[in-house]
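Student: Below are the chains, spelled out letter by letter.
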Amino acid sequence: MKLVVLIKQIPNTSNVRIDPKTGNLVREGVTSIMNPEDRHALEAALSIKDHFNAVVDVISMGPPQAIEVICEGLAMGADKGILLTDRAFAGADTWATSTALGNAIRKNGPFDLILAGRQAIDGDTAQIGPQIAEFLGIPQITCVSALELSDGKVVANRIIENGCERIETPLPALVTCLASLNEPRYPTVGRILDSVLESTPIEIWNAADIGVKAQEVGLAGSLTQVLKTFTPKGGRETQYLEGTPSDIASGIVQFFVDRQVRLGE
Amino acid sequence: MSILIQQDRCNGCGLCARSCPYQALEMLDKKATWLEDRCTLCGACLESCKVGALSGEIPTREAPDFREYRGVWVFVERQGSGFHRSAFELLGCARGLADFLGEDVSSIMLGADSDDKGFNELISRGADQCIAVNHPALGQYRTCSYTHALTHLVLKHRPSILLIPATTIGRDLAPRLARRLKLGLTADCTRLAIDPQERVLLQTRPAFGGNIMATIVTRYSRPQTATVRPGVMKPLDIDSTRKGVIVFEDVNLPDSVDVTKILECVMNIESATNLSEAGIIVAGGRPICSEQGMSVLKEFAEAIGAEVACTRVVVEEGFMSTDRQVGQTGQTVRPEIYFACGISGAVQHRAGMDGSRYIVAINRDPDAPIFEIADVAVVADIYQILPILTRTIKDYKGLSITC
Ligand SMILES: Cc1cc2nc3c(=O)[nH]c(=O)nc-3n(C[C@H](O)[C@H](O)[C@H](O)COP(=O)(O)OP(=O)(O)OC[C@H]3O[C@@H](n4cnc5c(N)ncnc54)[C@H](O)[C@@H]3O)c2cc1C
Ligand SMILES: Cc1cc2nc3c(=O)[nH]c(=O)nc-3n(C[C@H](O)[C@H](O)[C@H](O)COP(=O)(O)OP(=O)(O)OC[C@H]3O[C@@H](n4cnc5c(N)ncnc54)[C@H](O)[C@@H]3O)c2cc1C
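Line by line, the protein sequences are chains A and H. Counting from 1, position 179 in the first sequence corresponds to residue 178 in numbering that gives the first Met the number 0; the numbering is continuous, with no gaps. Counting from 1, position 164 in the second sequence corresponds to residue 163 in numbering that gives the first Met the number 0; the numbering is continuous, with no gaps.
Simulated from the structure, these hints should not be mistaken for lab results. Hints are not guaranteed to be accurate.
Calculated cross-link-like contacts (lysine-lysine; reagent style DSS-like; alpha-carbon spacing at most 27 angstroms) [stated by the list, open to error]: (1) A/Lys1 x A/Lys227; (2) A/Lys212 x H/Lys233; (3) A/Lys212 x H/Lys30; (4) H/Lys233 x A/Lys227; (5) H/Lys181 x A/Lys106; (6) H/Lys49 x A/Lys227; (7) A/Lys212 x H/Lys181; (8) H/Lys260 x A/Lys152; (9) H/Lys260 x A/Lys1; (10) A/Lys48 x A/Lys1; (11) H/Lys49 x H/Lys30; (12) A/Lys48 x H/Lys260.
Residues from chain A that keep clear of chain H, each with C-beta distances beyond 12 angstroms, as calculated [stated by the list, open to error]: (13) Met0; (14) Lys152; (15) Val195; (16) Ile201.
For glycine and all other residues, C-beta sits at the position ideal for the given N, C-alpha and C.
Let the hints inform the model, and build the full structure from the sequences given.
Tutor: This is the structure in structure tokens:
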């Protein structure tokens with residue numbers, strides 16, 4: 000069985016900065032981590048591997064330093080890593096990102112299940128999973144909180160508003176994972192050391208390697224353009240409310256009336 | 000769209016091969032050779048040749064003419080026999096956009112047995128046209144069936160704008176549809192407007208857990224498609240004098256379109272709380288760990304139409320289930336309003352809620368760290384504030400008109 004896990008390297012949320020010219024996030028000099036839900040997706044794949052005869056590949060698209068999350072994935076137990084890195088991939092929207100990742104998955108060969116996080120906490124769109132499933136023409140189950148594989152099928156619990164669905168779909172398929180799915184394992188020391196060796200099974204691919212044109216990916220291949228980015232407000236300006244409890248209560252209501260935020264259904 | 004090398008001019012210097020990031024130019028017998036397979040048409044080689052042996056055309060991109068795309072569409076989500084609250088919110092927003100553009104608003108409803116009563120409600124809330132598809136396979140939401148039906152409608156009617164609620168259904172459907180129709184898609188918008196000059200949709204959304212806002216346009220595809228965060232846009236008041244037309248469409252939907260099966264659907268169970276979709280969250284910390292505390296908190300939440308949530312302490316004390324825990328090891332939420340009641344504001348808790356649009360903190364300790372990230376700070380006992388706040392909200396709702 001072949002499992003593919005999509006992992007994204009993201010800047011640590013507390014110190015984001017924006018390039019005023021391109022409107023893109025400045026990633027240089029910012030500490031980076033593996034997107035939290037992707038860790039759960041990887042754990043789900045690894046626990047399938049614990050029970051079945053499975054191979055787990057991790058794929059990430061990003062700048063060269065994204066090799067760090069690939070190494071982390073290998074240290075947790077993945078068998079192979081693929082890093083998509085190329086200047087041509089930069090500035091991609093989700094259309095162009097799913098084009099690149101989709102082509103890379105295709106080039107990597109047949110698979111049974113693709114696991115992704117539901118949402119990356121930087122871009123925050125939750126669009127990559129479904130877009131890749133559509134690109135590959137396979138069924139998807141998003142927002143998965145429980146997962147079982149058996150006889151060429153996957154059965155998953157999908158969290159929906161006010162409830163939960165149990166969905167069954169034949170393989171190959173794609174699932175997007177929630178944090179409630181599992182408790183990710185820690186990388187072992189031996190594997191951490193192995194993951195930085197010369198012989199580590201990491202492949203590095205560019206646009207030509209996955210057979211796409213420069214105009215199909217990155218900023219040039221994107222269908223949406225970021226016109227501007229701005230900080231909602233310079234941090235939060237704390238307004239202290241004082242007085243009797245009923246003064247305070249009216250103050251709170253007034254605060255939201257002034258800002259046209261609806262209270263209640 | 001190719002790279003041409005004039006062999007008679009090439010002097011074999013190799014500059015072009017070195018300029019290529021993809022090894023798509025190679026020196027063979029002292030002449031440059033183009034390897035089409037590896038070429039991404041990036042154009043890096045074009046300036047490299049000093050003897051004019053290499054030329055090429057790199058495709059440029061022009062925004063196509065989209066004038067024939069007209070109309071603002073809202074995909075309305077059903078809930079039981081009625082509608083999800085987002086349906087009226089999106090119609091209200093669509094109405095404003097359509098009036099500005101001089102176009103119509105259409106509601107799009109997929110289902111197994113939609114009836115007229117529903118349509119009248121949609122019309123009274125702003126729709127000029129209700130497009131509906133009734134098909135047995137559309138009774139329950141399934142990704143590929145809905146994508147198939149919606150694709151058919153969009154290709155047939157060519158709207159200029161398509162709004163989809165950013166609910167769990169909408170965020171499952173929209174990206175699938177966008178990829179199929181080659182559409183740009185903006186996620187989870189909290190503001191939509193029309194640019195008066197270019198007449199394109201300005202789609203504003205929070206990213207990075209609300210630390211950054213981005214305004215996005217879709218210049219290269221139509222309809223301009225966005226998911227819209229529930230609880231943000233304002234619905235119009237019901238106006239039963241509004242007129243509209245109802246159109247039933249047929250869609251060919253063979254079983255093979257969707258291979259997924261819904262085995263079971265459990266609604267409203269504690270373990271399936273979806274805090275991430277909540278518009279308002281009322282969260283309690285350690286001091287609500289009592290029967291009285293829980294009931295004060297819940298009454299307030301009910302009055303204001305909120306979900307309740309908590310810190311890890313409350314889960315550990317057994318007063319709420321894990322799926323209501325907000326924070327690093329719980330859920331990440333970003334509602335419009337987050338009420339932190341008796342919560343100290345530990346970093347692990349803040350990690351799950353600091354992206355909220357507005358934070359109201361009520362804590363009797365003036366030095367509690369939660370106040371650092373609060374928009375509204377109340378230094379007081381929650382037991383003195385919450386019951387009165389509950390009453391104020393109830394009174395206010397009695398009077399309120401549009402807010
Ligand atoms: C401020 C801002 C706003 C943006 N808004 C939009 C928008 O509205 N629409 C749009 O199309 N684009 C948008 N983008 C661009 C978008 O963030 C990028 O395309 C990004 O590469 C993928 O989107 P995401 O981070 O939202 O991923 P999500 O769709 O949230 O990610 C879901 C999962 O997909 C996988 N995944 C995602 N990216 C990668 C990767 N690079 N490598 C490996 N796995 C990955 C991971 O498993 C991840 O958990 C925006 C970017 C910024 C900076
Ligand atoms: C690895 C790790 C992961 C963690 N993950 C999470 C997580 O996901 N989510 C989470 O919430 N925590 C998490 N924690 C725990 C976190 O560190 C805090 O201990 C916890 O958030 C504190 O909860 P609290 O604010 O309810 O309690 P306390 O810190 O005890 O604060 C109670 C507050 O209530 C105020 N107060 C008391 N009585 C009243 C009253 N009558 N009126 C008004 N104010 C009153 C006090 O002044 C105080 O500020 C994690 C910790 C670790 C180490």
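Student: Taking the hints in turn, state whether each one holds.
Tutor: Now the hints, each set against the structure:
| no. | hint | result |
| --- | --- | --- |
| 1 | A/Lys1 x A/Lys227 | 41 angstroms, violated |
| 2 | A/Lys212 x H/Lys233 | 43 angstroms, violated |
| 3 | A/Lys212 x H/Lys30 | 24 angstroms, holds |
| 4 | H/Lys233 x A/Lys227 | 25 angstroms, holds |
| 5 | H/Lys181 x A/Lys106 | 22 angstroms, holds |
| 6 | H/Lys49 x A/Lys227 | 39 angstroms, violated |
| 7 | A/Lys212 x H/Lys181 | 17 angstroms, holds |
| 8 | H/Lys260 x A/Lys152 | 11 angstroms, holds |
| 9 | H/Lys260 x A/Lys1 | 23 angstroms, holds |
| 10 | A/Lys48 x A/Lys1 | 9 angstroms, holds |
| 11 | H/Lys49 x H/Lys30 | 14 angstroms, holds |
| 12 | A/Lys48 x H/Lys260 | 25 angstroms, holds |
| 13 | Met0 | 19 angstroms, holds |
| 14 | Lys152 | 9 angstroms, violated |
| 15 | Val195 | 26 angstroms, holds |
| 16 | Ile201 | 19 angstroms, holds |
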